[in-house]
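Participant: If you want the building blocks of each chain, they are given just below.
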Amino acid sequence: MLLYILRRVVSAISVVVVTLVASFALFFLAPTDPAGVICGPRCTPERLADIEASLDLDKPAVQQIGLYMKGLVVGRDYTAGGVTTHCPAPCMGYSYTLGQPVTKLLAQAIPVTISIVIGGAVVYLTIGIMAGTIAAQHRGTTLDRITVGSTLIIASFPYFVFALLVALYATFLPESQYTPFLEDPIAWASGLLTAWLCVGVTNAASYTRYSRASMIESLGQDFVRTARSKGITRRRVVYRHGLRAALTPVATIFGIDLAFQLTGAIFTESIFGLPGIGLLTLRAFGQYDLPVLMGGVLVGSAVLVTMNLVVDILYTFLDPRVRLG
Amino acid sequence: MSDQTIRAPQTVTRTARPRDENEEPYLEVTDLQVQFPTADGMVQAVQGLSYRLPLRRTLAIVGESGSGKSVSSMAVMGLHDTKTARISGSIKVGGREIVGMSEKDLEEFRGADAAMIFQDPQSSLHPYFTIGDQIMESYRAHHNVSKRKAKDRAIEMLDRVGIPNPQRRVSQFPHEFSGGMRQRAMIAMALVNDPKLLIADEPTTALDVTVQAQILDLIADLQRDFGSAVVFITHDLGVVAEIADDILVMYAGNAVEHGPVDKILGRPLHPYSWGLMESIPALTGEPQPLHPIPGAPPSLLAVPSGCPFHPRCEFKDRVAGDLCRTLKPELIPRTIDQGRASRCHLKEPDRVFDTEILPRLP
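Line by line, the protein sequences give chains A and B. The numbering used here puts the first sequence at residues 1 to 325. The numbering used here puts the second sequence at residues 1001 to 1362.
To be clear, the hints were calculated from the coordinates, so they are not data collected in a lab. Beta carbons are placed, not taken as given, at the ideal position from N, Cα and C, and that holds for glycine. Fair warning: there could be bad hints in the mix.
[Said to hold, decoys possible] Examples of chain B residues lying across from chain A (beta carbon under 7 angstroms, computed):
1) Met1077
2) Leu1079
3) Glu1107
4) Gly1111
5) Ser1124
6) His1126
7) Pro1127
8) Ser1138
9) Ala1141
10) His1143
11) Phe1177
12) Ser1178
Model the full assembly from the supplied sequences, consistent with the hints where possible.
Facilitator: Next comes the structure, spelled out in C-alpha cells:
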C-alpha cells in the first residue's frame, strides 16, 4: 500500500512536470508579447528590455523552463529596475498586473476552489445517491418517473444559466462571499452555501441517474437473492447488500468527474464572485498575466492528480477485491 | 466417483430408502401455479405442480432451462416479488402455508426453516463481505447472539463443511476462495440455522467434475446428520442417480414424470425423459452420435395445446385421434408400478421403452 502510494506520487509529479513543460511552451513561446503588454502603450525601449530581462524573456526557452523549475524548488531572485527581490520557494514568479508573488495569490485562491468543489460534491453525492436508490427500489412507478423526469430537466439546463438564475432570484439564501474556514467556520459555510446548492443540485441530477442504474443492476445480482434467502430484513438487503455494491461504479464516475468539477468551478466562481483559481486565471488571461496563468495551470493539475489518487485509495476501502500494489 | 456421475444413468448407485406413503411430508406443494404478467402476455412458468417431500428424503427436479424448476423452488422459499409474480395453489412447509404469507413472516421463515444454495457461488456470495460476515449475518438474523458467538458458530460450520483452517478462512473474502470452497461456504451459510428443508438449485453446475462429486457427497452427508428434506434442482441425470430418492421431471411448467429414482431412471415412461437420457453422451466404448431432443422448449407465453411436449415428440403419431394435440394428459400411474406417475397418452410406454429406446441408449 505504502509502496503503491509512493509510486503514484512519483507518477503524479511527472504528470505535473509534463503539464508544466507543455503549458510553458504554449504560453511563453507563442507569438505573444507579454513584455509589451505589461509595459503599456507609452513604452520606452529601455523599460521594455528591463521587463524582458526580469521575465527572463531574453534567455533561450530551455533556460527559461530551467529557471522556472529552479524557482519552484529553491526560490529565485528577481531584479527589476535595479531592485532585487527574493522570491522564496515554491516561487512561481510575480504577477505584474497585481504586483504580488503568484504563490501568494494561489495560496489564497486554492482553498476557495477546493471548498466549492468538495462542498458541492457532498451535496450532490448525498442527494444523488439517496434519490437514485429510492427510484431504483420503486422502478417503474410514478415516483420513479417523476425522479427520472426531473433529473432530465435539470440536466438539460446549461449550468451557467441555472447558476445565473439562482444568483438573480435566490436572494433568500445568504450572500455569497468567501471567509477562510479557520477564521470563521460558520461564515465560511454560509458564504458558500448558495454555490454549494447550485453545484449540488445540478450535478445531483446526473448522480441520481448513475446511482439509479447502478442500484437496479446491483439489486438484480445473485448475491442480493442470496441475501433475501437468508431471512434478513428488506431494508438490510437493499442498503447493506445492494447499495454497498452499487456505490463502487458511482465512485469510479466521481473520480473521473472531479476533473470536470474543477474546470467547472470557473463558472461558479465568476457568477458568485468567489475568488478561486478559476476567477484568478480568467482575470490573468485577459491581462496576459503569464506567471499567474502558469501557476494556475500548475496548481490545477497538481490538485487534480492528488484528488484522483485519493479516490483510488478510497476505492480499496469500497471494494476489497482491489489490491493496490 | 466422478465417472459414476456421468455414466449412463441406469446404474443407480444409491439405494433409495423404502418409501412410506403414510410418512408425514415436511414440504407439500399442491397445485402450484406461478405466472408472470408481462407486456407480451402472461408467462405460465409453473402450471399446477404437486409433490410431497418427507424429512430425510431427497427430491431431484430435472428439466431443461425454463421448465419451471427454479421458479417453483423460489416460490417455496417465498422469494418471488409479489408485485411481479402471481402465485396460487398451496405450499406447506412444516405445516405452515407459504403462499400469501406476509413479508415479515417470510423473513422469519427464510433461512431458518428453509434455506437455499444457488448455482454459481461466485456471484451468489457478496464480493465485499467476508465469508464469516455473511455466515454470521444468517445466524444472527434468526438467533439473538453476540458477534463473538456467531463467529464461533461460523467457524464451526466452515469446519463442518470441510474447509481447512476455518479460523483463518472465516475472515477471508469470497474471491480468496476456490470455486469448490466457495460452494462449501454457501452450504455452511445455508445450514447455519439447521433448516429442515434445503433447496439446492444446480449447486454443482458451475463446478468442475471432481469437485462436483465432493459437493454431492457433502450434501448427502449433511442431510444424514441434519435429517433435513432436500430439493435438488439439476439437469444432470448422473447427479440425480447419485443423490436423489425421488425424481420429478419438469417440462414447460408441468411435471411430466414423478416417482422413485431407481424406477424412473431404470425405466422411464415419458418420451421427454427418454429424450433426456438419449442426450447423455457415452464416455466408454465406440463414440456414437448423440440423439438430442429435436426443437427447443416452448415459449411459456404460448404453451402448446394438449400435451405441451407434443411438437417435439416422435411418438405423438402413435396416439389415436390427434389426442396429443387436443387433450393435456393427466399425471397418473401408467403401468402396474405403484408410486410413480407420468403425463403421457402413449399406450404401453414400458414396452416402447424396452424395445425401441433401451437399445439406442449408450
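Participant: Next, verify each hint and record whether it holds.
Facilitator: Checked hints:
{"no.": "1", "hint": "Met1077", "verdict": "holds (6 angstroms)"}
{"no.": "2", "hint": "Leu1079", "verdict": "holds (6 angstroms)"}
{"no.": "3", "hint": "Glu1107", "verdict": "holds (5 angstroms)"}
{"no.": "4", "hint": "Gly1111", "verdict": "holds (3 angstroms)"}
{"no.": "5", "hint": "Ser1124", "verdict": "holds (4 angstroms)"}
{"no.": "6", "hint": "His1126", "verdict": "holds (4 angstroms)"}
{"no.": "7", "hint": "Pro1127", "verdict": "holds (6 angstroms)"}
{"no.": "8", "hint": "Ser1138", "verdict": "holds (4 angstroms)"}
{"no.": "9", "hint": "Ala1141", "verdict": "holds (5 angstroms)"}
{"no.": "10", "hint": "His1143", "verdict": "violated (11 angstroms)"}
{"no.": "11", "hint": "Phe1177", "verdict": "violated (12 angstroms)"}
{"no.": "12", "hint": "Ser1178", "verdict": "violated (15 angstroms)"}
The structure does not agree with the numbered hints 10, 11, 12 stated previously, though it agrees with the rest.
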